[in-house]
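4 protein chains.
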Amino acid sequence: MTAAPPPVGGSRPRGIQSGGSALREPVRIGLIGAGRIGSAHAGTLARRVPGAELVGVADAVPAAASRLAGQLGVTAFGSPDELITADEVEAVVIAASSEAHCALIVAAAAAGKAIFCEKPMSQTLAEADRALAAAADVPLQVGFNRRFDAGFAAAHEVVASGGVGTPQLLRSLTRDPGLANPGAVPPWTIFTQTLIHDFDTLLWLNPGASVVEVYATADALVAPEYKPAGLLDTAVTVLTFDNGARAIAEASFSATYGYDVRAEVFGSAGMVTVGDQASSSLTHYGPDGRRVTTVRGDVELFRDAYAGEFAEFADAVRAGREPAVTGRDARRALGVALACIESVTTNRPVPL
Amino acid sequence: MTAAPPPVGGSRPRGIQSGGSALREPVRIGLIGAGRIGSAHAGTLARRVPGAELVGVADAVPAAASRLAGQLGVTAFGSPDELITADEVEAVVIAASSEAHCALIVAAAAAGKAIFCEKPMSQTLAEADRALAAAADVPLQVGFNRRFDAGFAAAHEVVASGGVGTPQLLRSLTRDPGLANPGAVPPWTIFTQTLIHDFDTLLWLNPGASVVEVYATADALVAPEYKPAGLLDTAVTVLTFDNGARAIAEASFSATYGYDVRAEVFGSAGMVTVGDQASSSLTHYGPDGRRVTTVRGDVELFRDAYAGEFAEFADAVRAGREPAVTGRDARRALGVALACIESVTTNRPVPL
Amino acid sequence: MTAAPPPVGGSRPRGIQSGGSALREPVRIGLIGAGRIGSAHAGTLARRVPGAELVGVADAVPAAASRLAGQLGVTAFGSPDELITADEVEAVVIAASSEAHCALIVAAAAAGKAIFCEKPMSQTLAEADRALAAAADVPLQVGFNRRFDAGFAAAHEVVASGGVGTPQLLRSLTRDPGLANPGAVPPWTIFTQTLIHDFDTLLWLNPGASVVEVYATADALVAPEYKPAGLLDTAVTVLTFDNGARAIAEASFSATYGYDVRAEVFGSAGMVTVGDQASSSLTHYGPDGRRVTTVRGDVELFRDAYAGEFAEFADAVRAGREPAVTGRDARRALGVALACIESVTTNRPVPL
Amino acid sequence: MTAAPPPVGGSRPRGIQSGGSALREPVRIGLIGAGRIGSAHAGTLARRVPGAELVGVADAVPAAASRLAGQLGVTAFGSPDELITADEVEAVVIAASSEAHCALIVAAAAAGKAIFCEKPMSQTLAEADRALAAAADVPLQVGFNRRFDAGFAAAHEVVASGGVGTPQLLRSLTRDPGLANPGAVPPWTIFTQTLIHDFDTLLWLNPGASVVEVYATADALVAPEYKPAGLLDTAVTVLTFDNGARAIAEASFSATYGYDVRAEVFGSAGMVTVGDQASSSLTHYGPDGRRVTTVRGDVELFRDAYAGEFAEFADAVRAGREPAVTGRDARRALGVALACIESVTTNRPVPL
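These protein sequence lines map, in sequence, to chains A, B, C and D. Quick note: the first sequence uses full-length UniProt numbering, first residue 1, plus one each step. Quick note: the second sequence uses full-length UniProt numbering, first residue 1, plus one each step. Quick note: the third sequence uses full-length UniProt numbering, first residue 1, plus one each step. Quick note: the fourth sequence uses full-length UniProt numbering, first residue 1, plus one each step.
Chain A on its own, in the form it takes in the complex (with noise of 0.2 Å):
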């Protein structure tokens, strides 16, 4: 199996479609997980990604996958262990909560199929390596969304092209429009679950260089009151890399003004900025002012980098190759968040 570059471009269609995939059978997937997330990966499997055939999802709770197997005229089996020992079953998606992550891929893995897991993969550094072990292989695929947004890709390409020149600042962000239910929230979620993605991102964004140090600090600015029970909903960090790169990575909970994902490069030759929350082309101009409007929620900005990184799925697995983003990412980018925890607990810069 060998690593593959992904098949984006800087392209305005942010659909992926490999080449000659209509020709090929489509991968079989059945989908772990019906909640939120994973009821939008159900949407996006059974009608935007070519190389894909949703064949049915399983869930904890049988009822709901019964619910969203019925909407989508596909089938609900019994538990995710069904659904991973079933025949017809080439490849599972795994949407469920994050703790059943690392226990679903080794099942999975045993199996034998192609495992497509939601960020984080896994808990804590251990997991990841019981994970990667067990998935050796079998192509393992981790959630990194980002690198199949059409704008992150181009960013992508230009840095690793030389565009930008040698990497110096780095930034990424995440503003999440929302704290529902500030009480339900895990400890350290900003960093195992939203800051994660920028790790992933900046890891991505400046290529062949490694973390080598992390400050952190975070607090409870939306939801104080939830403070004492472990909520954070606000953290900055700045991670120092091995080529002398700086990278500030940034999160919130309550953007008012909707969904804000952005990232910056800045290097030795130029930059590149990236992220834009227009909800399309639309400009209105009244008394205020001119004003655009933003999209609100990740679902809608990700649409296409959605059903992106499931076309890069399928593409590997008919292939026989790795995917573009690996389970080796998703330990790297935990290793920098669980770094960036013990920082806010000593209030220390931390070495990796």
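Note that these hints are calculated values from the structure, not bench results. If a hint is listed, it holds; no wrong ones were tucked in.
Copies of one chain are not kept apart here, so a pair can be met inside one copy or by any two copies together.
Restricting the straight-line Cα-Cα distance to at most 25 Å, the calculated cross-link-like pairs of lysine to any residue (SDA-like) are:
hint, residue 1, residue 2
1, K227, S97
2, K227, G208
3, K227, V350
4, K227, A184
5, K227, D242
6, K227, S254
7, K227, Q123
8, K227, A209
9, K227, P186
10, K227, P349
11, K227, V185
12, K227, G244
13, K227, N243
14, K227, P182
Given the coordinates of chain A, work out where chains B, C and D should sit on it, guided by the hints.
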């Protein structure tokens, strides 16, 4: 059959998914025309429109149909007639050469098939009337794809809901990136094939108003050596509406910077502008300033709009309702185009 | 006297400082006209033009001159004639009512004074010829201020240096934020006072080309009740040039979103666009999206351009050369405006 | 003496004219320092600040003063002391080398002159205290020019009026276009000369809040060969405020694309961004996409802001009030810079 509003919004997700369509049987579509746009449509229908299933293609040149059908793994019909009368074909998408449109509509309607016809629906108003009469009892949609672009759709929503007050000055333009084969361009193409899009846009963005007079001027500035053969590659037209609004439509066949389609509606209470050539959200900064890459073709710019128009068609067919863009819309835009041609010929404003 | 290129560049600093002007004696300027634009010019001349010194003001209404002179601490002359013949006045800036322009030019030229005259320089071509003949031996500059806006000047530079190839399609527009007193607007004002700016812009941005035909249409859409009295508040014109280029100029008196002046030149090798209504670099994001505040008036939008045109005037006077914008330019733009009026009257294209 | 809000708004006209200043006697200003920024300030004071009159210049090197004075037609004083004690000098603008600032403030205050001092006001907090004590009875303004940029001023207005709610995440950055002479850059310059602007900006955009802790990391990435000599050309800092907000300030000495200064304030109710590198409103479209030219230096970017800070100074002097940017502001920003230096030295967060 009743007209429904187009099921698109101002949101970034440009593909249109009708609520429960996944549970419905997809509409079985036969495509006529294996040229540039026909091939693009075939790819869209095969891969990106949940409510549609491409069952086969036909072309006046059977070998062209075979090649395209082979690429997509669908049936190659021996002739358009064969496709039209095939039992497994429920609806026909006509992307043949313009001269053939009217006869194909009449034939498909006679066979009771739902019809999607590329623009222009017809070459003359008499043809348009013949097509409309023939298709009185089947769904007939015309390929004014811009209406399904997220930005244009949002502009329409703002205008239709009074967001700019009464339209007073409108503009729509098309700048095609190249004129590959000037000798092959039939006379008046810039009006009947290109600006017809802009005329539909302007009529749609000035809801309820009718054109009462047009003025047009045109020239061969890109390829002047072909002017004697009737080529006009640059045109400007002014439409006067019965509500007093004036609209400008302009077109050129030689945009060196890509494919450029924009519109603007200025009214008593504000303005909307729409259309953006950026190929992604990437901005690249260097010694020569900051730069944004531009899209290069209609298929790239309107990828989601093409999928959207077919989703609307499939939905209208399944719902037994009139599509959002009708044959009457096609006739209306053609009337403006023909009056513009007369204006160029006579160098006078022409009343409608 | 030889014409010099306007001493402005594409740079943000919009005020123009000629190299050694600080060492020269400033040009002693008398201003005629204490109305809205005259008062704005007085403030600019008093404070923002290094090479100029405002020595006094005059007005047909002496009390108006006294009030303005008092505010600025300069001399109030008893009449325009008194100012023109005053020894301490070296150059005259004419910002009186348009009907008075020609006679004031003749008088100032007779007194040997350098002359800056607001647009329109004259009401008729005969008047224009009289003014040109009278001012044959003194510097005469006309108030086409847009040429001194950094963006417009940069556009001209790009076009003049071949950056867009041969111009093929041009556009210039003016949208004024309000029509305070429709009853006071003389007939044809939209052509002779407003669009005359756009005509100059279009001629300047299509260097070396001449207008050979115009088509114009106009209406009273903002204040239709004043149409019987001759008010036209909305106009669209199409100019055909001898190099084949077509240009659109449009104007409205009712932009709710501020003062909007833009231009576009599309040519065989590219395009430039210019004009931005943003009042600063601030973008404000909130629940209704992102918003930019817009400028509200010409004095705000063209503050630096006004200073720039006077700096050019002062420099030309001191250098004994012809200013960058001449009386011939004024005559040429007026010719286009008058042909447009004829086109509206006859509803025909009018050759020049 | 009471502090007044800075007399700037969010409007495009960036020069600031205090209402009745034309009737007042302009403030007679002597400038100390004939280097790069001193010469720029001299030009601004001589030509662009209505309320100010440049009467003379001085420099530690008399020949430098003579040359500059000659260019502007003003007096060349034999030494800074001579200028400070001259009767015709009412106010002193200090643009000498940073080491000299404190002593010059003390001397000017002793002579009873109003004082405008470039940043940094002092090298140490002890010096800052000495300067503040000395200038207790004269107006003392410090050169934090960004506050007088139209965009930054508008951002402050929005934030101060609650337009983004409570600030939670802030960012300010400075990217200088070049490092002409790395060997001549004193150690820690990036903090005391460059980022000190950003620290003032961040304090000003988080009104009422104080910095309680800083973390900083810095390196020599542009000119690593000068690192042994103490050069740091790239820095990232994180400030934690007592209201919980986190702010990032970053700087680099090597922007290939021009001079880049931006800020962002994200809060509980929205966000503002400010800063634009475009040199004019021109966009140029060609085969490589669309392009905007960028500004190349601070004097170009902040031309109006420089005029604005001097207009504020002149107005404060005439009004007998405290200027909008005080010596206390300078001390506060210096405190942050010194803590950052300690953080780099110790590789620890440093409490204030």
